[in-house]
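My request is simple: use the sequences and hints to build the entire structure.
Going down the list, the sequences are from chains A and B.
Start counting the first sequence at 2; every next residue gets the next number (this note's numbering).
Start counting the second sequence at 15; every next residue gets the next number (this note's numbering).
What the hints contain is simulated information worked out from the structure, not anything from laboratory work.
Among the hints, a few may not be true.
What the hints assert, rightly or not - Partial list, computed: chain A residues near chain B (C-beta under 10 Å):
| no. | residue |
| --- | --- |
| 1 | G172 |
| 2 | N173 |
| 3 | S221 |
| 4 | I256 |
| 5 | E271 |
Stated by the list, open to error - Restricting the straight-line Cα-Cα distance to at most 30 Å, the calculated cross-link-like pairs of lysine-lysine (DSS-like) are:
| no. | chain 1 | residue 1 | chain 2 | residue 2 |
| --- | --- | --- | --- | --- |
| 6 | A | K463 | B | K191 |
| 7 | B | K240 | B | K725 |
| 8 | A | K258 | B | K769 |
| 9 | A | K463 | B | K747 |
| 10 | A | K463 | B | K513 |
| 11 | B | K513 | A | K258 |
| 12 | B | K138 | A | K459 |
| 13 | A | K459 | B | K81 |
| 14 | B | K676 | A | K251 |
| 15 | B | K149 | B | K191 |
| 16 | B | K570 | A | K190 |
| 17 | A | K251 | B | K747 |
| 18 | A | K258 | B | K711 |
| 19 | B | K749 | A | K258 |
| 20 | B | K70 | A | K463 |
| 21 | B | K205 | A | K258 |
| 22 | B | K702 | A | K246 |
| 23 | B | K676 | A | K258 |
| 24 | A | K246 | B | K747 |
Said to hold, decoys possible - Derived Cβ-Cβ restraints for the label pairs, each shown as a range:
| no. | chain 1 | residue 1 | chain 2 | residue 2 | range |
| --- | --- | --- | --- | --- | --- |
| 25 | B | N413 | A | N329 | 57 to 63 Å |
| 26 | B | D449 | A | K437 | 27 to 33 Å |
| 27 | B | G110 | A | E266 | 53 to 59 Å |
| 28 | A | K203 | B | N413 | 44 to 50 Å |
| 29 | A | E154 | B | K418 | 50 to 56 Å |
Small disclaimer: the values here were computed from a predicted structure and weren't measured.
We put the beta carbon where it would ideally sit given N, CA and C, even for glycine.
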Amino acid sequence: MQKDFLEHGLNFNRRRFLSRLSLGLGSAALGSLLVPDLFSGDSADSGFVPGLPHFAPKAKRVIYLFQNGAPSQLELFDYKPKLRDLAGQDLPSSVRGMQRLTGMTANQKSFPMVGSFANFKQYGESRNWISDMLPYTAKVVDDICIIRSMHTEAINHDPALTFFQTGAQQGNRPSMGSWLSYGLGSENKNLPSFTVLLSRGKGNSQGVYSKLWASGFLDSIHQGVQFSSGDDPVLYLNDPDGMNKFERRKFLDQISKINQLSYEEFGDPEISTKIQQYEMAYRMQTAVPEIMDLSKEPDDIIKLYGTDSMTPGTFAANCLLARKLSENGVRFVQLYHQGWDHHGNLPTEIASQAKDVDQASAALITDLKQRGLLDETLVIWGGEFGRTNYSQGNWTAENYGRDHHPRCFSIWMAGGGIKPGISYGETDDLGYNIVKDPVHVHDFQATILNQLGLDHEKLIFKHLGRRYRLTDVSGKVINDILA
Amino acid sequence: MGNCKFMNKRVSLLVLIITIILYSIQACNTATEKAEVRIPDKVSYNFDIRPILSDKCFSCHGPDGNKREAGLRLDNEESAYKALKENPGAHALVPGKPELSEVFLRVSTKDTAIMMPPPSSNLKLSSNEIKLIKKWIDQGAKYETHWSFVKPKKAPLPESEDPDWVKNEIDYFILNKLEQKGLTPNPEAQKEYLLKRLSLDLTGLPPELDLMDAFLADNSPEAYEKLVDQLLKSPAYGEKMALHWLDVARYADSHGFQDDSYRSQWPWRDWVIYSFNRNLPYDKFITYQLAGDLIPNATKEQILATGFNRNHKITEEGGVVDEEYRVSYVIDRTNTFSKSLIGVTLECAQCHDHKYDPFSQKNYYQLYSFFNNVKEVGIESTVGGPETYAKKPMIEISNDEVNKILKFINKQDTNKLIVSVMGDRDTLRKTFILDRGAYDAPGAEVNAGTPESILAFDPKFPKNRLGLAQWLFDKRNPLTSRVFVNQLWQEIFGRGIVKTSGDFGMQGELPTHPELLDWLAVDFMNNGWNMKRLVKQMVMSATYRQSAVISPEKLKADPENVFLSRAPRYRIKAELVRDLVLSSSGLLVKTIGGPSVKPYQPPGLWENASSGRGILRNYKQDHSADLYRRGMYTFIKRTVPPPVMGIFDASNRDQCEVNRLKTNTPLQALIMMNDPTVLEASRVLAAKLDGEPIEAKEKVIRAFRLIVCRKPSEKEIDVLTSYYSDQLNIFKKQKNRAESLLSIGEYPLPQNLNKSSVAAWMQVISALYNLEETITKT
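Right, here's the structure in full:
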């Protein structure tokens, strides 16, 4: 029976909801029209079908700090002293195996290994290794779980990003946030359940694009809504100059009167929905600017996230915003920070990128923790693939570049029922292959869903005859990292 | 007399009781969602059984040989009747004997060790489904060929109890079904509603005032048909028809990956509009697009049409593996062909035999082979100058050609214009089955061919795309006509006769009116694949002309209006929302075709998402006339498609799409309230209206008719005139606010305006644009 609920999902809920509306059971029971909260205990009460989540969730919300362009694991999290010793030596083909290469290094005559210019130390009680590029992250090392054995299938940005976000390299599938919105709905009736924040560092950039937060074949109500730092935090949110809140209210009352007449004439429940959607839009017009306003944040918070957090559109400001959105019940907050694609000039570029994100990423953990929210918020930090242990093009010990590497890379997760202060998985001494506990992108996605109380094999949507899921046809939960 | 009255009372009481009982049963049915559906006297394999077997059994006991469990195959009778491989004493199906049939025993058992489907699959049969299977076995467990793989035949028109209602053949089928379901059709819609509906469906534009007046005044019996013919002749007809085709063809103005730079594919789009307008028959329309370059003595126009197969995304990301992308383009063409032209999800067989439909992986690569011989590479160039705006093979279109033979191309300048088209290599590129669909895992070699289960490839056809087109339009092909008729039905009635318009396979929905679909499909073929004729047939029907009023009874009995006891009522497409706003305000620039344009867009969207490379890194908004073009000409950068379009469910043109969703969200409300396009249109119309020497009430009526396309009721007039007076008083006191509102948009404001009054009208008109009815087909 649960199966049927899943398949019908919100479409079914919406139909039922509309038929209730048409029976005059009315708006008192409506709750949120953006996406109803399918998590809360009173869902049955408001006429929505229970059945989700599949089991008791550890996390209620996700904040995903996506590092777009693929940060080098060898300079940040995966300490390989041997690479320094072997610097300049050709990577043995036995290690490289059948790994396909990107067009950027495929024609390179040799593959000179290069050690990291960055120094590593062990931190915290966990004694986890972290590079001196990330001093603030080092301070929260006992709160995070570092996975050093991520691997993926794609070797280029577009398919790799798409794979991380949708579980498939090609195609128009729903983004992870859309799946969660579909499965769990929204906790806040004035805010979308899936929001997106963009920022950019100074390093070599690769684009991000709205197709990454698209809802694919799911209802478009589940697509990510981009919040931006400009004048209009959500597209078309602001009334034009010359319109004020009082007049907007009056305006809505007029159209509502005439829409009501149409409803009497046609009896179409979509008309009632339309009236409610305008009310929702009106509430968003107040709720969103309140959330976006960082001016009332106390000094200690600004200090925690760094002074950059006062500059709208920076990664730091977006982290602070992410906390506020999440705190207010936004199910999935997706950040993208561009600038990690360091094919050349890596030491300089990665230092500046790391400086951009380090303090605020760590601050987010500290801040959520001090508010008692870390337990129920899953925070993720990482890129779309890793980087090679050999240099792209000419190199010196101080200046080199690294190409794309799908076979191993590092990410971290924190909160939301993930074991704090551990590391998981290992790579070989050359930092080229995984030797222990590999984690595929689908395993990672299955684990995220699991923490939200969703079975990745059951959260499905039937489209054109096929049952689709975020993890496509594979994926297993990484039980060893669960608290 | 008294006695009689008494009888009457008793009868009415009885009727009332029966009604209540029926009503409760119905309510109960709705509540349990089909759980207690009646078992038919004669169980049909195609309509009752296959949907169950396909959805719940075929993924392990179906066509995919690699994933088949226990060697058992239930999708064809020969193997299903055989002794079981693992237990030769038993049989999956013993016709007439459910108690000896493992299929029935396993689906009905409570023993989880032998239960089917196994609990681990998360699948389960309902009690109703189990009853159906039992009865089917009882009745002989007879298999039938899947309905859509059998050539359509024209069935005799059903008898009807209400011949007066019927206007053409469509209505016989619709009415017959309604009678079976105990429903009656709605009366014909009022003329104003009809006109708006027709105008939106045939041209995508709201009717203009003089057309409204003329139609309202024409009381002749031919008035409606005259109107249909007039609208079919409008050049906007081709634009409206093209809208759906651009989704199918995943047409866009950028290459689609990563840096996502510019491509100049729009002349192909101009050809599509032109072809609809001159009513090129569907067989030619498709043949040119599939194989125009292979037609003997191909014309430039026919070669241009093949741009269809080059509209897919093409990478410009440095460092990719060439062959990986080249293969992905061939896959895209194969999938587009199968989804849009024959309505099957052949793409599933890219990595393995299809799990539900009788398509092997070999079938997939045989079809793929037709598209695998193009003179192309995976990555031709990275982001660059004009030479990268099309990829080889390509044609150049000269101004001379535009002046002489390709007059339909709206080329305004003398710049070099290149378009990606099809062109095959001289030597055949070998095609291999790709293991798991991976470009670097070739297996056995295959030759071009088509799935036998649909129609074997006739050896007399050439083994190239031209032959494939001939196969498609072979009268024995069971799918081509049905699939297109269904898409067109969907565009006009809002939902296909087969709801899953891209899947006519086992997992697709069954047709709600199979005989009607077949009748139309055969009729379409027999009448030279004449598209305008087919459109006219649909809109001339009484079914189409019904009113859209939804009574509570009908809402209950048929909430999704599957049986069409009323006209469908739904929000118009994204592009048409824009068209309606521009057209009713008088701003619309009706130029057809040409390079896509960049109207108002919130700042920063392209810039924030860009890597900083290519001419599309910044959004350079257009000005003057280019701000007021139809929605279909709005520039589509695939990775950051125009947000207004996306929020109203337009395709992002990433892949072939045959059906858009229709959602109703708060973000749509924000657009209608605050998009400068809508506000500017309100302002421009307000200024025009304010200058008219008529009373306020007359102005309200005029604006209402332009925007909502009907005369307002007294109540509506009251609401709007008092709103106007109220706003006028306020703006007289708050001149600054009026000034601010009137400064929205680039369209010049006339001199010497009464600003308070124009601002007040602007509010009224903006309210009209925000009405639900305005952007709804009623």
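Here is what the structure says about each hint:
A distance limit of 10 Å between C-beta atoms decides the matter here; for G172 (chain A) the minimum to chain B is near 6 Å, and the interface restraint holds. Annotation: N173 (chain A) was flagged as interfacial toward chain B, and the flag holds, the nearest CB pair being 5 Å apart, inside 10 Å. At about 5 Å, the closest approach between the beta carbon of S221 (chain A) and any beta carbon in chain B falls short of 10 Å, and the interface hint on this residue holds. The beta carbon of I256 (chain A) is positioned within 10 Å of a beta carbon in chain B (closest approach about 5 Å), and the interface hint is therefore held.
Because the closest C-beta pair between E271 (chain A) and chain B is about 6 Å apart, less than 10 Å, the hint holds. At roughly 28 Å between alpha-carbon atoms, K463 (chain A) and K191 (chain B) fall within 30 Å of each other, so this suggested pair holds. The straight-line distance between the Cα atoms of K240 (chain B) and K725 (chain B) is roughly 22 Å, inside the 30 Å bound, and the hint therefore holds. Among the hinted pairs, K258 (chain A) with K769 (chain B) is consistent with the structure: their alpha-carbon atoms are about 27 Å apart, no more than 30 Å.
Taking the CA atoms of K463 (chain A) and K747 (chain B), the gap is about 58 Å. The hint is violated against a cut of 30 Å. For the proposed pair K463 (chain A) and K513 (chain B), the alpha carbon gap of about 14 Å is at most 30 Å, so the pair holds. Between K513 (chain B) and K258 (chain A), the direct Cα distance comes to roughly 35 Å. Violation of the 30 Å bound is thereby established for this hinted pair. At roughly 13 Å between alpha-carbon atoms, K138 (chain B) and K459 (chain A) fall within 30 Å of each other, so this suggested pair holds.
Among the hinted pairs, K459 (chain A) with K81 (chain B) is consistent with the structure: their alpha-carbon atoms are about 20 Å apart, no more than 30 Å. For the hint pairing K676 (chain B) with K251 (chain A), the CA-to-CA distance comes to about 28 Å; that is within 30 Å, so the pair holds. Taking the CA atoms of K149 (chain B) and K191 (chain B), the gap is about 25 Å. The hint holds against a cut of 30 Å. Restraint check for K570 (chain B) and K190 (chain A): the C-alpha separation of about 29 Å stays at or below 30 Å, so the hint holds.
A C-alpha spacing of about 17 Å is found between K251 (chain A) and K747 (chain B), which places the hinted pair at or below 30 Å, so the restraint holds. Distance restraint check for K258 (chain A) and K711 (chain B): the Cα-Cα separation of roughly 18 Å lies within the 30 Å cut-off, and the hinted pair is therefore satisfied. As the CA atoms of K749 (chain B) and K258 (chain A) are separated by approximately 27 Å, the hinted pair is consistent with the 30 Å bound. For the suggested pair K70 (chain B) and K463 (chain A), the alpha carbons sit about 13 Å apart, so the restraint of at most 30 Å is met.
Of the supplied pair hints, the one linking K205 (chain B) and K258 (chain A) holds, its CA atoms being roughly 24 Å apart against a limit of 30 Å. Between the alpha carbons of K702 (chain B) and K246 (chain A) the distance comes to roughly 27 Å, so the proposed pair stays at or under 30 Å and holds. Taken as a hint, the K676 (chain B) and K258 (chain A) pair is honoured in the structure, with Cα atoms around 24 Å apart against an allowance of 30 Å. Between K246 (chain A) and K747 (chain B) the alpha-carbon distance is near 17 Å, which keeps this suggested pair within the 30 Å criterion.
The hinted range of 57 to 63 Å is satisfied by N413 (chain B) and N329 (chain A), whose Cβ atoms lie roughly 58 Å apart. At about 29 Å, the beta-carbon gap between D449 (chain B) and K437 (chain A) stays in the expected band of 27 to 33 Å. Checked against the given bound of 53 to 59 Å, the beta carbons of G110 (chain B) and E266 (chain A), roughly 56 Å apart, stay inside it. Between K203 (chain A) and N413 (chain B) the beta carbons are some 45 Å apart, a value that agrees with the proposed interval 44 to 50 Å.
Restraint check, E154 (chain A) to K418 (chain B): a C-beta distance of roughly 51 Å satisfies the suggested window 50 to 56 Å.
Taken one by one, the earlier hints fail for this structure at numbers 9 and 11, listed in ascending order.
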